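Enquirer: Sequence:
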Amino acid sequence: WSSDVCSSDLRMDRLNRRKKEVSIAPYIDEDGKEIIPRRSFQYDTLIISVGSTTNDFGIKGAAEYSIALDTQEQAEAFHQKLHHAILKAQTQKKPIQPGQLEVVIVGAGATGVELAAELHKATREMTAYGIDRVNPDRDIKISIIEASPRLLPALPQKLSHSVELRSEEHTSELQSRPH
-16 WSSDVCSSDL RMDRLNRRKK EVSIAPYIDE DGKEIIPRRS FQYDTLIISV GSTTNDFGIK
44 GAAEYSIALD TQEQAEAFHQ KLHHAILKAQ TQKKPIQPGQ LEVVIVGAGA TGVELAAELH
104 KATREMTAYG IDRVNPDRDI KISIIEASPR LLPALPQKLS HSVELRSEEH TSELQSRPH
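Note that the numbering used here gives residue 39 to position 56 of the sequence shown, counting from 1, and the numbers run on in steps of one.
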């Protein structure tokens, strides 16, 4: 494994379940030169995390007015924007306005639900650093919008319902399609 190559540049190209072996395709640079040869790895248990990228489904304004979290850079930009908004609210002379500190997460899959939980935790931890004019429970609103009728639609309904009950602790609102 090379620490100089980002894992997103690597591609699994062979899987032999009988031998419990996976192969990573050769890494080819922009000039077509092989930099890293094909490698094979033995495994006891194989977990394939395929990942995903944001799809705005062509919704007008989505690309311009939202922040995708596909890359580390995008996540850091979102983090900075949220911190700046909270610091601005902390230091402004006028009261915090409705919607000023509102985060809307589109998608209640595992990533969306985890993001809501982490934002809930992070905004509350900021009060330990002298943020005393922003009350996270009153001033920060975290909402999740989901097209299906429940959180975590890919999981069994019983598990989804259990997570939904817990998520009520850290989300202000869940908007989903009626059952």
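Hints are computed from structural coordinates only; laboratory data are not their basis.
Do not rely on the hints blindly, as some may be mistaken.
[To be verified] Derived pair list, reagent style SDA-like, types lysine to any residue, alpha-carbon separation capped at 25 angstroms:
#: 1; residue 1: Lys43; residue 2: Ala72
#: 2; residue 1: Lys124; residue 2: Glu13
#: 3; residue 1: Lys64; residue 2: Ile114
#: 4; residue 1: Lys124; residue 2: Val89
#: 5; residue 1: Lys76; residue 2: Gln55
#: 6; residue 1: Lys43; residue 2: Gln83
All of these numbers come straight from a predicted model, not from anything done at the bench.
Enquirer: State for each hint whether it applies.
Expert: Structure-based check of each hint:
no.	hint	in the structure
1	Lys43 - Ala72	violated, 29 angstroms
2	Lys124 - Glu13	violated, 45 angstroms
3	Lys64 - Ile114	holds, 16 angstroms
4	Lys124 - Val89	holds, 14 angstroms
5	Lys76 - Gln55	violated, 34 angstroms
6	Lys43 - Gln83	holds, 23 angstroms
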